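Chain by chain, the residues run as shown.
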Amino acid sequence: MPEVTFVESLRMTLREEMQRDPSLMLIGEDIGRYGGIFGVTKGLLEEFGPYRVRSTPISESAIIGSALGAAMTGIRTVAEIMYIDFTPCAMDQIVNQVAKMRYMSGGKVKIPLVIRTQEGGGRGNAAQHSQSLEALFFHIPGLKMVVPSTPYDARGLLKSAIRDDNPVIFIEHKLLYATKGSIPDGEYLIPFGQADVKREGKDVTILSFSYMVLKALKAAQHLAGEGIEAEVIDLRTLVPLDLETILRSVRKTNRVLIVHEGCRRGGIGAEIACCIQEEAFDYLDAPIERIGALNVPIPYSEPLENAVIPKEEDIIRGVKKLLYQT
Amino acid sequence: MTELIDQTLYLKMYEQMLTIRSFEEKAIELFEHNLIRGNIHPCIGQEAVSVGVCSVLRKEDYMLNTHRGHGNCIAKGADLKRMMAELLGRSTGYCKGKGGSMHIADFEGGNLGANGIVGGGLPIAVGAGISIQNRGTDQVVACFFGDGAVNQGTFHESLNLAAIWKLPVIFICENNQYALSTPIREAISISKISDRALAYGIPGVTLDGNDVRAVYTQMKGAVERARSGKGPTLLDCLTYRFYGHFTGDPGRGMTYRSKEEMEEWWGRCPIKRFRESLFREGILSEGKEKEIQIRVKTSIEEAVRFALESPFPDPEEAIQDLFY
Amino acid sequence: MKGEGFMEEDTKTWLELYRLMVKIRRFETLTGELFASGKIPGFIHLSIGQEASSVGVCSVLRKDDYITTTHRGHGHVIAKGGDVKRMFAELMGRETGYCKGKGGSMHIADFSIGILGANGVVAGGFPIIVGAGLSIKLRGTDQVAVCFFGDGASNRGPFHEALNMASIWKLPIVFVCENNQFASTTSVHYSTSVKSIAIRGEAYGIPGRSVDGNNVLDVREAALEAVERARKGEGPTLLENRTYRLRGHFEGDPQRYRTKEEVEKFSEKDPIRQFQTFLKNQKILDEKIDQEIWNEIDQELQEAIRFAEESPFPQPQEALKDLYVEEGESLIERRLV
Amino acid sequence: MNFRELTNTEAMVEALKEEMTRDPSIFIIGEDLVAHGGIFGQFIGLPEAFPGRVIDTPISETCIVGAGLGAALTGMRPFVDLHFADFTTCAMDEIVNQVAKIRYMFGGQAKIPIVIWAPDGAGLSAAAHHSQSLEAWFIHTPGLKVVSPCFPYDVKGLIKTSIRSDDPIIFFMHKKIFSRKGPVPEEEYVIPLGKADIKHPGTDVTIITYSIMVLHALEVAKEMEKEGIRVEVLDLRTLWPMDWEKIAESVTKTHRVIIAHEACLTCGFGAEISARIQEELFDELDAPIFRVGAYRVPIPFSPPLERFVIPGKESLKKTLYNLFGKEIDSK
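Residue numbers (this note's numbering), protein chains in the order written: chain V, 1 to 326; chain H, 327 to 650; chain D, 651 to 987; chain C, 988 to 1318.
Hint data in this document are derived by calculation from the structure and do not stem from the laboratory.
The structure presented is a predicted model; accordingly, all values stated were derived computationally and were not measured.
Each statement offered as a hint is correct.
PhoX-like, lysine-lysine: derived pairs with alpha carbons at most 20 Å apart:
| id | chain 1 | residue 1 | chain 2 | residue 2 |
| --- | --- | --- | --- | --- |
| 1 | H | Lys492 | D | Lys845 |
| 2 | V | Lys202 | V | Lys218 |
| 3 | D | Lys919 | D | Lys930 |
| 4 | V | Lys108 | H | Lys385 |
Label pairs and their in silico Cβ distance ranges:
| id | chain 1 | residue 1 | chain 2 | residue 2 | range |
| --- | --- | --- | --- | --- | --- |
| 5 | V | Ala178 | D | Thr791 | 46 to 54 Å |
| 6 | V | Glu3 | D | Lys930 | 53 to 61 Å |
| 7 | H | His359 | C | Gly1039 | 37 to 45 Å |
| 8 | V | Gly74 | D | Ser846 | 31 to 39 Å |
| 9 | D | Arg859 | H | Glu587 | 33 to 41 Å |
| 10 | D | Glu976 | C | Gly1039 | 27 to 35 Å |
| 11 | H | Gln646 | V | Gly74 | 18 to 26 Å |
| 12 | V | Phe281 | H | Glu355 | 49 to 57 Å |
Using N, Cα and C, we set each Cβ at its ideal position, and we do this for glycine too.
Starting from the given sequences, assemble the full structure and let the hints guide the process.
Listed below in structure tokens is the structure:
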């Protein structure tokens, strides 16, 4: 089991899939010679040539739209939007074209398209380079959504995403790129819609995804020191959502905390909380708690940014509140 | 020999133009009888562009269409029955009732779909062009859009991408003078939309879009250029929609257009002009015309009957077809 | 460089232009150092090598004229009269900064002197400047609005929509493309199929002009013509300042997309060095005055840095302010468990 | 007050006319406004009454919103017409990254008195690109206020308040309510943002709703009376800021809640309201909170499909029966 970084895992996966499927194409800004601003596509241009690794001008609408056109006509495509903050520049193409094309046509077209993008704050990148916008896409029918938290999951899920015949938004967190993890040598796929229990516990369930899983695990470790056993579930894919695993855990712990980095108001947590209370109302011993970013844009200055984005302490506090220990 | 081919082709083109006109007239009638819901955007008056362009295309070539797209569908070889069924929201329609007038797609016939968003199809056309380039075939993409779309950001991004990568895409502006109610002369400050090609270093031509032969000839040149890997072309086809923007347009669009203007354009009706020239050249005779008219009438009637006899989709189907 | 038959007025102006260019250069250099030493978080985009464009254009603007700037916008802010103290404070995330620490390098604005803000989205300034132009027209003033943007932005949709709208309405706008040859890592020769961005003016029926963007006097002259045209109500102009970004896209950019030789070649066309030589040849500047200028500026900037460093960080709860004009908890719903 | 009957459209025109007369910095900008007074007649008479202040644009949604923003930053009060809520996607960067963030990003320097107005909703067989209800996006985006009234009285009062607001407003109106009539006073009045309105009082269950769903809820409330169930219908009118006080008051009284909107159920505004109620009023609830919204598919064209996808009176009724454990009469 070699240790690799998140970036290496993604790159390895893209390379393997490009070798496997000679039609697979990558398209996006600065992904060629430069290798992507986070280095994910480094070396791929040299190996697969400019037709299959297409660096584009800054034209988000056309990147998504052309990826869609290519996917509809037989070219499996991975499009990259450098920051999820720029998906609004291509919103019509993502929401009105990519997500609806198959349905509008009565189910007659396959859209083997992955939109890889990157989100999250924590690096002083301010309001237009730090957002977590998954809730916008969660609300829109027609897109699958993947939010991995480890190099292992990223590899297995990216493979599934690429081989999927539906549009998939694959969201990476910028603070995950340098994190390390071990992955097996052989090929493996992780199917969509399977959450992963990253830590077992009996007192409270923490539901999370992407970078917040790391914070949740740290918080859980801290809580264990105080005798509180938190179960940490990494959702891994938001669409489809593994409600079964969630409910199984809720029926065991009877207490739920949902943690995400997107704005709390109208975030994914609201939807998940509703689903739980709709399906397992009588199992709940306390109101479901949600932790998300404060409802403001991400500010630049460090103390301000820290105040806005959820922290390990917030999670600890949230768990204690659920257990009426505050 | 060539002459014979031309004659057959011209007759076929003429029949297609008539089919489009009749289809639209019938669709308006059905709409007025509340058999079609929502709205339709008739392309009456623009038949020469649809037919001139699509006559150059092969079945495997791609087309991107607009909200005013029935004519382009028919010219690209769509089945009238399934089109009409879609307009009537029936389960036998091209999109099983999910798309309607504005979203007809026929992937088998190379029709990658009509778009409800002005300028929405241009980036997709670029993608189809990429696909052709990567697969190494000699297909082309015909991307239709209206004069209203030329001021959308997607126009700019798409033409630039197609130009830098020399993609086999022909950008066809159906310049019918109005974006809903806004005249093109107020929406741009240059005299010819084709001049925008200068901004991307690609050829741009403005032409008489009501002259089906002119459209055919220019399209042929552009397609040859595209098939030989020389890149995209912008065709600005000057035409006019005789009907309003859509079936909900007050006074069929005469609140923002003058009678004189309308009459002037009727004088240039593409079907009338083509018919006259075909008679003049002895390609069309009254007998042949009669035959064509009957065939067109029958096919439209059959399409309507088929659509009316088709069932509506089962409501539960509404939650199917989203994912593969 | 031009300069035949100049007058005394010119020499004063020219020295002022030179001083501003030096100020931008030093500001950017010091910012780079502060970033390297960890005193500035996030990322920064330096405009070293592009000073002539900022200064040339802004030197013909009035205080009440508007500009929108870009992620590479420190130079524009300084040239438009921005306060370096508040700029450094903002870069360091302090409460005395232009945006009270909420914006940072990519989002500096000073509405009191017409700076409608820098933008983190490439081409983000285009639609805003159209609105400013429209507002000028509706209010009937003779202000002018200038939109700075890079070559990368000229391939994005908003460029297209904005130039068209400004043209059909004859808005008092000057679109200034700082063609520094690269959109992040992508060469303009790859991303654009025409030789000059200025050609794109033809698609909108507006004059396009391309000048040596490293020659401050050329830029100034072209900008003056465009600004006058706008003030007279004759509509927008597209101005392309051909320049070269001597630093990476952002600090820390490994710059694999260009060679050292290329950068060295363009260093010889350094706008400050060129102007310095010109002024010395014209006997307007000598070694002593030059040294004084650099010293004075360094002193001012060091003081500004000190001001920033001594300024406090904002209180965490400040994060919940300034979102709406109407303040109130119900709007933010600030609850954290 | 002297009341007369106006349609929603007339109420809106009247509000705009009064405000434009009062304040010369207000102008309207968008596509196809002059020829027909807007594609829904929503500005009828205004182009003539205020020449030069109702501005037609080319089809350039990004730049229409952006231009509104720029004008707002420089002393004007733009009212932006976006044709269809679906087209917010074409101006998404402007709305999410610029309009919503500029004041905050720049440390509170700017005022942004802009109203972005768009008709939303389905039910007219306008298919997937002209039928969406997207309010949840803008509620999730910090920096915007979102308004979505249903009655002429509320429309007029809220249009006036929105225009006078120094913060950006997204104003949605359902396409199917334009010609609906209702009483509107002749006298001047405004309705503050963030105030819900009880449209039908009741004690057994609260339906929290807005826009066209209020009409369905009212019908259901009347029918339920016969069955002895007293339904309270709470019309939010303003979605953000949300009138939490009034919601809490009603829930504390009825202990049962249904939240209804036409937008896609998943991650719709109902999710937020529901989650918040169960967080803060957990012990007040006698039953799970039920939500009513559209299926998670695009809006299909064909009438039977469209009717199936969007919620209406029947889905509300079914939910009520569910909530009270009643048999559903299969009609």
